[in-house]
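Keeping the supplied structure of chain F fixed, place chain V upon it in accordance with the hints.
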Amino acid sequence: MMEQRVNVFKLHFIVLVLVALTEFIGTKKINIGIGVIALFPMLYALVLGGFISWPKFKWLKENEMNVAANILGLSFFLFICKLGANIGPELPKLMGSGVSLLFQEVGHIVGTIALGLPIALWLGLKREAIGATYSLDREPNLAIVVEKFGANSAEARGALGVYICGTLFGAIYMSILASLLGSSGLFHPISLAMGAAVGSGSMMAAATGSLAVIFPDAAKDIAFYSGAANLMMSIIGTYVCIFVSLPLTQRLYAWLEPIIGRKSKNSNVGGQKSA
Amino acid sequence: MNQILTILLIGVIALIGNWIGYQVPPMESLPGILLLALITVIGMGFTKILPFKSPVIVWISLFAMIATSPFFPGNAFTAAAIGKINLLALATPILAYAGLSLGKDIHLFKQLSWRIVVVSLVVFTGTFLFATLFAEIIFKIQGKF
Numbered sequence: 059m060m061e062q063r064v065n066v067f068k069l070h071f072i073v074l075v076l077v078a079l080t081e082f083i084g085t086k087k088i089n090i091g092i093g094v095i096a097l098f099p100m101l102y103a104l105v106l107g108g109f110i111s112w113p114k115f116k117w118l119k120e121n122e123m124n125v126a127a128n129i130l131g132l133s134f135f136l137f138i139c140k141l142g143a144n145i146g147p148e149l150p151k152l153m154g155s156g157v158s159l160l161f162q163e164v165g166h167i168v169g170t171i172a173l174g175l176p177i178a179l180w181l182g183l184k185r186e187a188i189g190a191t192y193s194l195d196r197e198p199n200l201a202i203v204v205e206k207f208g209a210n211s212a213e214a215r216g217a218l219g220v221y222i223c224g225t226l227f228g229a230i231y232m233s234i235l236a237s238l239l240g241s242s243g244l245f246h247p248i249s250l251a252m253g254a255a256v257g258s259g260s261m262m263a264a265a266t267g268s269l270a271v272i273f274p275d276a277a278k279d280i281a282f283y284s285g286a287a288n289l290m291m292s293i294i295g296t297y298v299c300i301f302v303s304l305p306l307t308q309r310l311y312a313w314l315e316p317i318i319g320r321k322s323k324n325s326n327v328g329g330q331k332s333a
Numbered sequence: 008m009n010q011i012l013t014i015l016l017i018g019v020i021a022l023i024g025n026w027i028g029y030q031v032p033p034m035e036s037l038p039g040i041l042l043l044a045l046i047t048v049i050g051m052g053f054t055k056i057l058p059f060k061s062p063v064i065v066w067i068s069l070f071a072m073i074a075t076s077p078f079f080p081g082n083a084f085t086a087a088a089i090g091k092i093n094l095l096a097l098a099t100p101i102l103a104y105a106g107l108s109l110g111k112d113i114h115l116f117k118q119l120s121w122r123i124v125v126v127s128l129v130v131f132t133g134t135f136l137f138a139t140l141f142a143e144i145i146f147k148i149q150g151k152f
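Protein chains in written order, with this note's numbering: chain F, 59 to 333; chain V, 8 to 152.
Chain V on its own, in the form it takes in the complex:
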């Protein structure tokens, strides 16, 4: 119950961000936000009732894909409504909450050796760069671009 309320509140914040940053009037964003919240809550509930442990984001992704795919009833409305919500408007609250949680790790960070900080940056670079490189190579081989 608490989580549903939180999801809705984040939705309201994203709706306001979508209004200020991307000039979409709140009433136009509302259906999309509610649908996003609904699918998200269904995905979370589904993960809970499953007899085995699985990542929530798998189910949320799949349900969102199904609800907007051409064979699902009302897909055109769902896709259009969610289409009104700018992706970046949904990302800004994530990083705002992330920012508010940073303080708790600062004292841990102070205990780290500089070497692990360098290694971290290398690890971040590695995963991004290699995945991009591999995707690019395959697309080139396939002649896609």
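Looking at chain F on its own, in the form it has when it is part of the complex:
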């Protein structure tokens, strides 16, 4: 079982070219009527990178893509480190917003369920809905569902579905959402910054990036508060998922499914289509 050797320098080199090219193009703002959409280097880099890794072209091998996903994790560590270094000099400021920080975390937790579960049931998902909506379904959340229900369970299929969508277009979607919510004028940039700390590296980077482009004067605050919210999430997130979100979603499912759920016998609509 020899692992095929991966030339990581090929990956680094492509990323270097992408970064140089996209940073050179720089930031653009487009007004689309209902709001301003921020276009900025990391989004171009994501799209161009996705293009390069498109399976049809065969420019990258499957294991090279897997290695790229691992390096993505490491590059997020540097981003997190920078966010932490932003908080340090102004630690006291953190204390002043402790209550908001706590409650936004509740928002992150209930938000996926409160919006997601009713709509999932309305669309006819069965137990897939539990896995799909109890959290944002990144790697740690996926592991929790698999451990509890098994890898072949309906719950795990639902969670995996959201995970795949998150990987493929979560970052783009988050940046558009952040742009629209930001330019709507409904929310303060600081609240949005906390909201942007969704618990996924690429989605968070894209959302905070958009906010920083929409609110250039508040860029420091945005980094500060999204960093603080992310720290909060990373400390308590897993425990809350296991002991609160997942049991809560199961209860709500048992209660809501007979009310909203379609009377379809087909319970296999959520995850993969049956072959």
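Derived by calculation from the structure, the hints in this document are not laboratory data. No residue lacks a Cβ here, since even glycine has one placed at the ideal position from N, Cα and C. Treat the hints loosely; a few may be bogus.
[Said to hold, decoys possible] Simulated crosslink set (DSS-like; lysine-lysine; CA at most 30 angstroms straight-line):
| # | chain 1 | residue 1 | chain 2 | residue 2 |
| --- | --- | --- | --- | --- |
| 1 | F | LYS206 | F | LYS87 |
| 2 | F | LYS119 | V | LYS117 |
| 3 | V | LYS151 | F | LYS151 |
| 4 | F | LYS68 | V | LYS151 |
| 5 | F | LYS68 | F | LYS114 |
| 6 | F | LYS68 | F | LYS119 |
| 7 | V | LYS117 | F | LYS116 |
| 8 | F | LYS114 | V | LYS60 |
| 9 | F | LYS278 | V | LYS117 |
| 10 | F | LYS68 | V | LYS147 |
| 11 | V | LYS91 | F | LYS206 |
| 12 | F | LYS68 | F | LYS151 |
| 13 | F | LYS116 | F | LYS68 |
| 14 | V | LYS60 | V | LYS111 |
| 15 | V | LYS55 | V | LYS117 |
| 16 | V | LYS151 | F | LYS116 |
| 17 | F | LYS68 | V | LYS55 |
| 18 | F | LYS86 | V | LYS60 |
| 19 | V | LYS111 | F | LYS114 |
| 20 | V | LYS117 | F | LYS114 |
| 21 | F | LYS86 | F | LYS206 |
| 22 | F | LYS278 | V | LYS111 |
| 23 | F | LYS151 | V | LYS91 |
[To be verified] With the C-beta cut set under 7 angstroms, the calculated list includes, among others, these residues of chain F facing chain V:
| # | residue |
| --- | --- |
| 24 | HIS70 |
| 25 | ILE177 |
| 26 | CYS223 |
| 27 | GLY253 |
| 28 | ILE293 |
Coordinates of chain V only, in the frame set by chain F:
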């Protein structure tokens, strides 16, 4: 060892991004990048030697906070050096690597029902919107803004 090298390489890429995108000369970014890499590596090492499992990003965040907080020796230098590195310059490589990894999930995506795609978007919206809303409400109650 491999991971340390990778961190340093990402640092070099971010340094170049910081130069092209934000006009910070490489020599000015260098101390900040090295400090970021150092704290990150310490955080990763610390997580490994701990007897229990814990998220790496917690320790990296905490160490970065401590190193730049007012009571830590050399904090002013550390904070100023890292301050030269634009946050977005660090984010661009993340999404570039993310892009290069996308291809592996496309065949999985093709097997998904459209319903789960809709639910995903709703879930993404929910977590962002509700957290923002809750933070906003508390700040309003507290009269902060």
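- Going through the earlier hints one by one, which of them does the structure break, listed in rising order? Hints 1, 4, 8, 9, 10, 11, 12, 15, 16, 18, 21, 22 are the ones this structure does not satisfy, whereas the remaining hints hold.
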